[in-house]
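J.: Here is how the chains run, residue by residue.
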Amino acid sequence: MLTVIVDYESGNLHSAEKAFQRMAREGDAGDVLVSSSPEDVARADRVVLPGDGAFPACWKELHDHRGISEAIDEAVNGKGRPFFGICVGMQMLADVSHEYTETPGFGWIGGSIEHIAPTDKALKVPHMGWNDLVLDQPHVVLEGIETGDHAYFVHSYHFHVANTVHLLAHVDYGGDITAIIGRDNIIGTQFHPEKSQKAGLRMIANFLKWKP
Amino acid sequence: MLKTRIIPCLDVADGRVVKGVNFVDLVDAGDPVQSARAYDAAGADELCFLDIKATHENRGTMYDLATRTAEQCFMPLTIGGGVRSPDDVRDLLLAGADKVSFNSAAVADPDVVARSADRFGSQCIVVAIDAKTVSPGKWEIFTHGGRRETGIDAVEFARLMTEKGAGEILLTSMDRDGTKQGFNLPLTRAISDAVPVPVIASGGVGTLDHLVEGVTEGHASAVLAASIFHFGEFTIREAKDHMAKAGIPMRLT
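For the record, the sequence lines run as chains P and V. Using my numbering, read the first sequence as starting at 1 and increasing by one per residue. Using my numbering, read the second sequence as starting at 1 and increasing by one per residue.
Calculated from the structure, these hints are not laboratory results. Predicted model only: the values in this text are computed from it and were never measured. Incorrect hints may have been included.
Claimed, not checked - Computed list of lysine to aspartate or glutamate pairs in DMTMM-like fashion (alpha-carbon distance at most 20 angstroms, straight line):
(1) LYS198/P - ASP40/V
(2) LYS18/P - ASP40/V
(3) LYS60/P - ASP118/V
(4) LYS209/P - ASP28/P
(5) LYS18/P - ASP31/P
(6) LYS60/P - ASP95/P
(7) LYS209/P - GLU26/P
(8) LYS121/P - GLU217/V
(9) LYS198/P - GLU114/P
(10) LYS19/V - GLU233/V
(11) LYS18/P - GLU71/V
(12) LYS245/V - ASP209/V
(13) LYS53/V - GLU71/V
(14) LYS53/V - ASP31/V
(15) LYS121/P - ASP31/V
(16) LYS121/P - GLU71/V
(17) LYS138/V - ASP193/V
(18) LYS18/P - ASP25/V
(19) LYS132/V - ASP64/V
(20) LYS18/P - ASP193/V
(21) LYS211/P - ASP28/P
(22) LYS53/V - ASP193/V
(23) LYS132/V - ASP193/V
(24) LYS198/P - GLU71/V
(25) LYS245/V - ASP45/P
Stated by the list, open to error - Pulled from the structure, derived: some chain V residues nowhere near chain P, Cβ distances all over 12 angstroms:
(26) ALA38
(27) ASP40
(28) GLU46
(29) GLU57
(30) THR179
Quick reminder that beta carbons are idealized off the backbone N, C-alpha and C, glycines included.
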C-alpha cells in the first residue's frame, strides 16, 4: 500500500508527511511518500493533495509540474483511488475560485471558492484557530469524530457547495463555513487534520484504511 | 464558533529554552521539544518559539528544532526571531513551522512582508510588533528588543502590515513585558480594532484575569504568555477554565 502526498511546492508538507506516516505506521497502512513525480502518483493506492496560500498560485504551481494534475485525475477518476484534499487542496475540487481572480478548479465537486464575509463585522478574516465541527452526514472517514470536536482552520476563502449532498460538516463563523466535503472516493477538509491533534489524526487513520 | 487561543511562547537561544520550563517533570527542562510536547498534551492551542539570539550561524539549530517539534506535535507552530527574507520564511516552513514571524526586518523594509505573503500566503505570515507608550493614547514601534526607537506610530504600522499581507499581528507591549501587571489594554484594543486580521496580545500577564481582559477589553483573538505557564503558576487548563467562566469561548477538549 502506498499513499502519495503530492508535492508541488505549496507550503509546509513536513507536518502532513509526519502525521500520515505516524498513522500509517500505527494502522499498518503501508508507506507514505511525498513526491512531485507523476509516476509515483500513478502507482499510488491513495492520493493526498495539500495546499497552502493563494488559490491561483497553488493552481499554477500544480499545473507547472508537468503531468502531475493529469496523473491525479487518472488516479482519482480513472482508477477510483481514495483522494484527500487539504485546505487549498480541498478547494481545488471546486468548479471555480474567486480568490483575487477567476481561476478554474478540477470541478469534481460542484461549487465555488468565495471570500469569507462574516455577518458579524467584529469577526476577523482570516478565520484562524480552533472551531467546533457540526457533522451534517455520516461518513466512514469521520468514524469516531463527533459534532463538537475541534479542528484547526486558517483561511480567508471558503467552499460554497452547489449541492448539500456533498457537504459532510461545517462550522459556524458568522454564518456557515464548509469544513468537510466528499463524494464517492473523494474527501476534503478545509481545516488541517495534521494540525488538529486527536480529531485530525483520527481522520487521517480512517482515510488510510478507507475502501470506497 | 471560533475559540480564543492560548499560546505559550518559548524563548530559545542556541537551541535551548531560556530559563527552562518547569511545570511538569521534564527530564530536560531546557529542551524545547520536550516542552512543546508537554504543552501539546496540556491542551495549548498553538505554540510559539522565539529565537532571541538569532544569528546566521545558529539558524541550523532552529530548523532542527522546528523539524523535531513538527514530528511529534500535531498542532500549529509559529517561529520568530531573526527572520529577514522570504527565503528565511521558506526555510522555516520547510523545516516544520506553520507560521513565521517578522519583527525588525518588517520595520526596516515593510515590503519584505508583501514579498513573503505573495509567495507563501498571508496565512503563514505574522508580524510581531513591539510598542511602547510615548504619550497617553499614542504608541510607537521599538525594535531590537525594545532598545531602538523608530518614531513609527504603532497603529499606523499595524495597518500597513496587514495591507502588505500580514495574516496576524503579534502585539507586545514593551511597557508591560515582564511586569506581570497585565496587557496594555488601550494599545491592544487600538490595534485589534484597527486591523482586519487576528491580533495576539502579549506582554505583562501575571494573573488569569489578565488573560480575560486581553480578550474582553483588548479585543485580542489570542493571548500569549510565557512565565505564568513555564513556572507552573497556572496550567493551560486552569487558564482555559477561567476564561471560559468569564464567558470567552475556549477549546476545552
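J.: Now tell me, hint by hint, if it's right for this structure.
T.: Now the hints, each set against the structure:
1. The hinted pair formed by LYS198/P and ASP40/V meets the criterion: a straight-line CA distance of about 11 angstroms does not exceed 20 angstroms.
2. Proposed proximity of LYS18/P and ASP40/V is supported: the alpha carbons are some 16 angstroms apart, at most 20 angstroms.
3. Distance check on the hinted pair: LYS60/P and ASP118/V sit about 14 angstroms apart at the alpha-carbon level, within 20 angstroms; holds.
4. Pair hint LYS209/P plus ASP28/P holds up; C-alpha atoms about 9 angstroms apart against a cutoff of 20 angstroms.
5. Pair hint LYS18/P plus ASP31/P holds up; C-alpha atoms about 12 angstroms apart against a cutoff of 20 angstroms.
6. With a CA separation close to 15 angstroms, the supplied pair LYS60/P and ASP95/P stays within the 20 angstroms bound.
7. Of the supplied pair hints, the one linking LYS209/P and GLU26/P holds, its CA atoms being roughly 11 angstroms apart against a limit of 20 angstroms.
8. Pair hint LYS121/P plus GLU217/V holds up; C-alpha atoms about 17 angstroms apart against a cutoff of 20 angstroms.
9. For the hint pairing LYS198/P with GLU114/P, the CA-to-CA distance comes to about 29 angstroms; that exceeds 20 angstroms, so the pair is violated.
10. Restraint check for LYS19/V and GLU233/V: the C-alpha separation of about 15 angstroms stays at or below 20 angstroms, so the hint holds.
11. At roughly 6 angstroms between alpha-carbon atoms, LYS18/P and GLU71/V fall within 20 angstroms of each other, so this suggested pair holds.
12. Taking the CA atoms of LYS245/V and ASP209/V, the gap is about 11 angstroms. The hint holds against a cut of 20 angstroms.
13. Restraint check for LYS53/V and GLU71/V: the C-alpha separation of about 24 angstroms exceeds 20 angstroms, so the hint is violated.
14. For a cut-off of 20 angstroms, the pair hint linking LYS53/V to ASP31/V stands: about 16 angstroms separates their Cα positions.
15. Of the supplied pair hints, the one linking LYS121/P and ASP31/V is violated, its CA atoms being roughly 42 angstroms apart against a limit of 20 angstroms.
16. For the hint linking LYS121/P to GLU71/V, the alpha-carbon distance of about 38 angstroms lies beyond 20 angstroms, and the restraint is violated.
17. Restraint check for LYS138/V and ASP193/V: satisfied, since their Cα atoms lie roughly 15 angstroms apart, inside the 20 angstroms limit.
18. Taking the CA atoms of LYS18/P and ASP25/V, the gap is near 26 angstroms; set against the 20 angstroms cutoff, the hint is violated.
19. Under the criterion of a C-alpha separation no larger than 20 angstroms, the hint pairing LYS132/V with ASP64/V is inconsistent with the structure, at around 34 angstroms.
20. About 38 angstroms separates the Cα atoms of LYS18/P and ASP193/V, which puts this hinted pair outside 20 angstroms; it is violated.
21. Between the alpha carbons of LYS211/P and ASP28/P the distance comes to roughly 15 angstroms, so the proposed pair stays at or under 20 angstroms and holds.
22. Between LYS53/V and ASP193/V the CA atoms are separated by roughly 32 angstroms; this puts the pair beyond 20 angstroms, and the hint is violated.
23. With a C-alpha separation of about 18 angstroms, the suggested pair LYS132/V and ASP193/V falls inside the 20 angstroms cut-off, and the hint holds.
24. Our distance criterion of 20 angstroms between C-alpha atoms is met by LYS198/P and GLU71/V, whose separation comes to about 15 angstroms.
25. For a cut-off of 20 angstroms, the pair hint linking LYS245/V to ASP45/P is broken: about 48 angstroms separates their Cα positions.
26. Against the 12 angstroms criterion, ALA38/V stays outside the reach of chain P, whose nearest CB is about 14 angstroms from its own CB.
27. With 12 angstroms as the threshold on Cβ separation, the claim that ASP40/V sits away from chain P is violated: the shortest Cβ distance comes to roughly 7 angstroms.
28. A cut-off of 12 angstroms between C-beta atoms contradicts the statement that GLU46/V is not in contact with chain P; the least separation is 8 angstroms.
29. GLU57/V, annotated as away from the interface, keeps every beta carbon of chain P farther than 12 angstroms; the closest lies near 23 angstroms.
30. With a least beta-carbon separation of about 27 angstroms from chain P, THR179/V lies farther than 12 angstroms from that chain, consistent with its non-interface assignment.
The structure fails to meet hints 9, 13, 15, 16, 18, 19, 20, 22, 25, 27 and 28 from the earlier list, while all remaining hints are met.
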